[in-house]
Amino acid sequence: MTSTQAETDRSQLGTLSVLAWIGDPSEGHDMPYLLAYPLGDGPQGPQGSEGAARGLLADMGLRIGDVVEDGTANPHKFQVKVVLADNQIALTLPGLNVTCTAPDEWVEAARESGRAYFLFSTRSWPEAVPGKPVTEEALREFAGDEAVLNDCAHCLVTVQSLQK
Numbered sequence: 110m111t112s113t114q115a116e117t118d119r120s121q122l123g124t125l126s127v128l129a130w131i132g133d134p135s136e137g138h139d140m141p142y143l144l145a146y147p148l149g150d151g152p153q154g155p156q157g158s159e160g161a162a163r164g165l166l167a168d169m170g171l172r173i174g175d176v177v178e179d180g181t182a183n184p185h186k187f188q189v190k191v192v193l194a195d196n197q198i199a200l201t202l203p204g205l206n207v208t209c210t211a212p213d214e215w216v217e218a219a220r221e222s223g224r225a226y227f228l229f230s231t232r233s234w235p236e237a238v239p240g241k242p243v244t245e246e247a248l249r250e251f252a253g254d255e256a257v258l259n260d261c262a263h264c265l266v267t268v269q270s271l272q273k
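Following the working numbering, the residues of the sequence shown are numbered contiguously, the last one being 273.
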């Protein structure tokens, strides 16, 4: 894929949103999760957004499916960057920057472990628009769907923290 094609693909992505959550610590699930997903509102709709997401992941060398890439082994060379400042998460990918607000328990877990489990879904989730709360049930339905998980890139990433 040429860089011109990659730029064209990114223009088809539409809105990329990010959501942060944590498992239930009382059940031993204290991993902070970060999910990036297109809303499907690009010029060619959900199909164009999915194609652009797949192209972006391929450009980054990230595989889609059940392989977990370990970006913590060499975080300076890994193309997914996560920076935490207070409760604000900044996700940086080649040519893209996305932010979201993290719940306190996510911040605590990320600061303790220094890492997060990042998923980049190629599937659109138009119901989960920025600024509108996502219910646990809706999150479970989307992020727990096996078909959605199979259409994600999965990465363990280092969480850098900006202290004031």
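Calculated from the structure, these hints are not laboratory results.
Fair warning: there could be bad hints in the mix.
Stated by the list, open to error - Computed cross-link-like contacts, DMTMM-like style, restricted to lysine to aspartate or glutamate with a CA-CA straight-line distance of at most 25 angstroms:
#, residue 1, residue 2
1, Lys241, Asp150
2, Lys241, Glu217
3, Lys190, Glu178
4, Lys190, Asp179
5, Lys190, Glu217
6, Lys241, Glu221
7, Lys190, Asp139
8, Lys190, Glu214
9, Lys190, Asp175
10, Lys190, Asp260
11, Lys186, Asp175
12, Lys186, Asp168
13, Lys241, Asp260
14, Lys241, Glu214
15, Lys186, Asp150
16, Lys190, Asp213
17, Lys190, Asp168
18, Lys241, Asp213
Each hint tested on the structure:
Annotation: proposed proximity of Lys241 to Asp150 holds, straight-line Cα distance about 16 angstroms (limit 25 angstroms). For a cut-off of 25 angstroms, the pair hint linking Lys241 to Glu217 stands: about 23 angstroms separates their Cα positions. Our distance criterion of 25 angstroms between C-alpha atoms is met by Lys190 and Glu178, whose separation comes to about 13 angstroms. For the given pair, Lys190 sits about 13 angstroms from Asp179 by alpha-carbon distance, which is consistent with the 25 angstroms threshold.
The hinted pair formed by Lys190 and Glu217 meets the criterion: a straight-line CA distance of about 18 angstroms does not exceed 25 angstroms. Restraint check for Lys241 and Glu221: the C-alpha separation of about 28 angstroms exceeds 25 angstroms, so the hint is violated. Taking the CA atoms of Lys190 and Asp139, the gap is near 21 angstroms; set against the 25 angstroms cutoff, the hint holds. Distance hint between Lys190 and Glu214 is fulfilled; the C-alpha atoms sit about 20 angstroms from each other, no more than 25 angstroms.
Restraint check: the Cα-Cα separation between Lys190 and Asp175 comes to about 21 angstroms, which is no more than 25 angstroms; the hinted pair holds. Note on Lys190 and Asp260: the hinted pairing holds, with a Cα-Cα distance of about 21 angstroms set against a maximum of 25 angstroms. For the suggested pair Lys186 and Asp175, the alpha carbons sit about 22 angstroms apart, so the restraint of at most 25 angstroms is met. Distance check on the hinted pair: Lys186 and Asp168 sit about 14 angstroms apart at the alpha-carbon level, within 25 angstroms; holds.
Between Lys241 and Asp260 the alpha-carbon distance is near 24 angstroms, which keeps this suggested pair within the 25 angstroms criterion. Note on Lys241 and Glu214: the hinted pairing holds, with a Cα-Cα distance of about 20 angstroms set against a maximum of 25 angstroms. Distance restraint check for Lys186 and Asp150: the Cα-Cα separation of roughly 31 angstroms exceeds the 25 angstroms cut-off, and the hinted pair is therefore not satisfied. The suggested pairing of Lys190 with Asp213 holds, with an alpha-carbon distance near 20 angstroms, which does not exceed 25 angstroms.
At most 25 angstroms may separate the alpha-carbon atoms for a hinted pair to count; Lys190 and Asp168 meet this at roughly 16 angstroms. Annotation: proposed proximity of Lys241 to Asp213 holds, straight-line Cα distance about 18 angstroms (limit 25 angstroms).
This entry does not satisfy hints 6, 15, going by the numbered hints stated previously.
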